[in-house]
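K.L.:
Sequence:
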Amino acid sequence: EPSLKKRIILVLGVLLIQSIYTPTSLFLTGGIEPKLPIDVFPLWVVWVIPYALCYPLWATALIWLTWKMDESMFRKTIAGLFFTCSLGVSIFLLFPTYVLQPELHGSDILTNLLRSIQIAGGDHDALPSAHIYTTVLLALFYNDWYPRFKWLWLSVVVIVSLSTLFTGQHYIADVLAGYLTAWLGYRFGLWWNTMGGKFKRRRTVHA
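Residue numbers for the sequence shown follow our numbering, so the first one is 1 and each next one is one higher.
Heads up, none of these hints are tricks.
Below, simulated DSSO-like cross-link-like pairs (lysine-lysine); rule was C-alpha separation at most 30 angstroms, straight line:
1) 68 / 150
2) 68 / 5
3) 6 / 68
Simulated from the structure, these hints should not be mistaken for lab results.
Please construct the entire structure, taking both the sequences and the accompanying hints into account.
P.N.:
So this is what it looks like as structure tokens:
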């Protein structure tokens with residue numbers, strides 16, 4: 001069974017890959033704006049609260065799975081995370097997309113929070129939404145781990161999805177692409193775990 005140290009190193013590897021998001025979003029230019037005619041969501045700054053809460057939510061989820069998951073569950077989850085984050089940043093680099101962020105007026109705390117997110121996050125790397133694929137992938141594996149809380153995981157996905165739209169951080173196509181990216185990562189994680197189990201059994205037989 002992987003040691004805690006090895007698990008921490010693997011999670012840090014995932015975070016290192018995903019960290020490519022920041023410089024690409026800040027410094028990439030050009031690309032396409034994946035806006036559709038149905039993108040008519042108004043700016044609603046209160047939705048910056050769940051949008052921002054994703055960061056501590058992800059951190060807590062990663063810490064908990066690193067510490068508590070059994071070997072099989074951790075193997076499929078970490079494989080899914082590597083695949084999803086690698087696919088996401090590859091798309092960001094190969095097919096640049098951007099969002100025209102809404103102009104913000106006012107100086108209340110929520111508007112200032114959204115303004116700081118716009119500045120820190122940049123306007124590229126729109127499709128797929130990293131907010132979506134990270135949240136959905138974790139929700140899928142947590143649903144496998146704690147199936148009795150399935151309505152909680154579904155609620156989190158719905159709230160986060162709406163938060164990306166009502167803050168003007170993403171378009172509908174970004175959200176849908178995020179779902180697909182997470183689903184592919186989830187299926188890869190399951191496949192990887194199955195292959196690892198077969199390899200281990202074969203190695204035991206030949207030992």
